[in-house]
Amino acid sequence: MAEREAVRDAASTAEPSGHIDTFCAQHLPPPELWPVREWTGIPELTYPARLNCATELLDRTVMSRDGERPVFRFPGGVWTYRELMEKANRIANVMVDDLGLIPGNRVLLRGPNTPMMAACWFAVLKAGGVAVCTMPLLRERELRYVANKAGIRLALTDSRLAAECEAAVLTGREGEVRTGARVMQFNSDSLDGLEQLMKRKPATFANRDTSADDIAIIAFTSGTTGEGKGTMH
3 MAEREAVRDA
13 ASTAEPSGHI
23 DTFCAQHLPP
33 PELWPVREWT
43 GIPELTYPAR
53 LNCATELLDR
63 TVMSRDGERP
73 VFRFPGGVWT
83 YRELMEKANR
93 IANVMVDDLG
103 LIPGNRVLLR
113 GPNTPMMAAC
123 WFAVLKAGGV
133 AVCTMPLLRE
143 RELRYVANKA
153 GIRLALTDSR
163 LAAECEAAVL
173 TGREGEVRTG
183 ARVMQFNSDS
193 LDGLEQLMKR
203 KPATFANRDT
213 SADDIAIIAF
223 TSGTTGEGKG
233 TMH
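Using my numbering, read the sequence shown as starting at 3 and increasing by one per residue.
These are calculated hints, taken from the structure and not from any lab test. For clarity, every value in this text was computed on a predicted model and none was experimentally measured. Beta carbons: idealized from backbone N, C-alpha and C, even for Gly. Keep in mind that a hint or two might mislead.
Simulated restraints on C-beta separations [to be verified]: (1) Pro72 x Leu30: 34 to 42 Å; (2) Glu70 x Gly195: 22 to 30 Å; (3) Trp36 x Ala169: 32 to 40 Å; (4) Ala221 x Thr48: 18 to 26 Å; (5) Met137 x Gly43: 36 to 44 Å; (6) Glu46 x Asp99: 22 to 30 Å.
Using 20 Å as the maximum straight-line C-alpha spacing, the simulated EDC-like pairs for lysine to aspartate or glutamate come out as follows [unchecked claim]: (7) Lys151 x Asp23; (8) Lys203 x Asp100; (9) Lys201 x Glu88; (10) Lys201 x Asp99; (11) Lys151 x Glu166; (12) Lys231 x Glu144; (13) Lys201 x Glu58; (14) Lys151 x Glu229; (15) Lys201 x Glu85; (16) Lys203 x Asp99; (17) Lys203 x Asp191; (18) Lys201 x Asp191; (19) Lys201 x Asp160; (20) Lys151 x Glu168; (21) Lys151 x Glu178; (22) Lys151 x Glu176.
Using the sequences and the hints given, assemble the complete structure.
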């Protein structure tokens with residue numbers, strides 16, 4: 003029992019957060035209710051106190067000379083790990099430079115399983131944001147609940163699913179306009195779509211400095227017995 007309490011104490015005195023927007027930290031339960039994960043003695047699960055998930059999951063693969071290996075095969079093409087990283091870098095630049103994303107902001111992601119959806123997910127992590135993925139089957143009412151609960155002000159959505167996402171993110175429960183909310187479409191030929199903005203951005207990005215304990219994703223449960231709950235990871 004004492005060992006478990008010591009682990010919790012260590013968790014509660016972790017590295018300073020890299021998040022400027024502290025929404026996630028403010029909505030965590032007290033440390034004594036956190037799950038205890040004891041990875042002592044398992045080198046494969048040992049990470050530095052400060053890390054960016056996209057660096058560990060994507061960039062290091064490219065830096066380890068595996069950048070030219072295929073990561074996605076899909077109808078009409080193939081992406082390598084390097085191409086995925088460069089697209090994620092361009093999207094991260096768009097979010098930071100053009101959409102005003104700061105570390106800790108939550109970004110709602112809406113779309114089917116496509117390479118661009120994955121690139122957007124990595125881009126959010128690179129920029130220090132918190133990815134809030136949603137199932138394509140969710141309707142406007144359910145999306146609005148997620149947007150309200152997670153404090154969403156920015157969304158990236160597949161153009162084929164944009165209408166309900168825009169309605170849910172750009173307006174509140176009573177139809178009021180959300181000040182400062184933005185929705186950007188991808189898989190779109192629009193001149194103001196994400197792909198067009200990406201063309202103007204460099205393929206490099208300095209991943210934001212975040213703590214290993216900073217929240218990276220909020221995954222909403224299906225809400226079998228009520229409204230879905232946002233689980234932080």
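> Are there hints from earlier that the structure breaks, and if so, what are their numbers?
Replying inline: 6, 13
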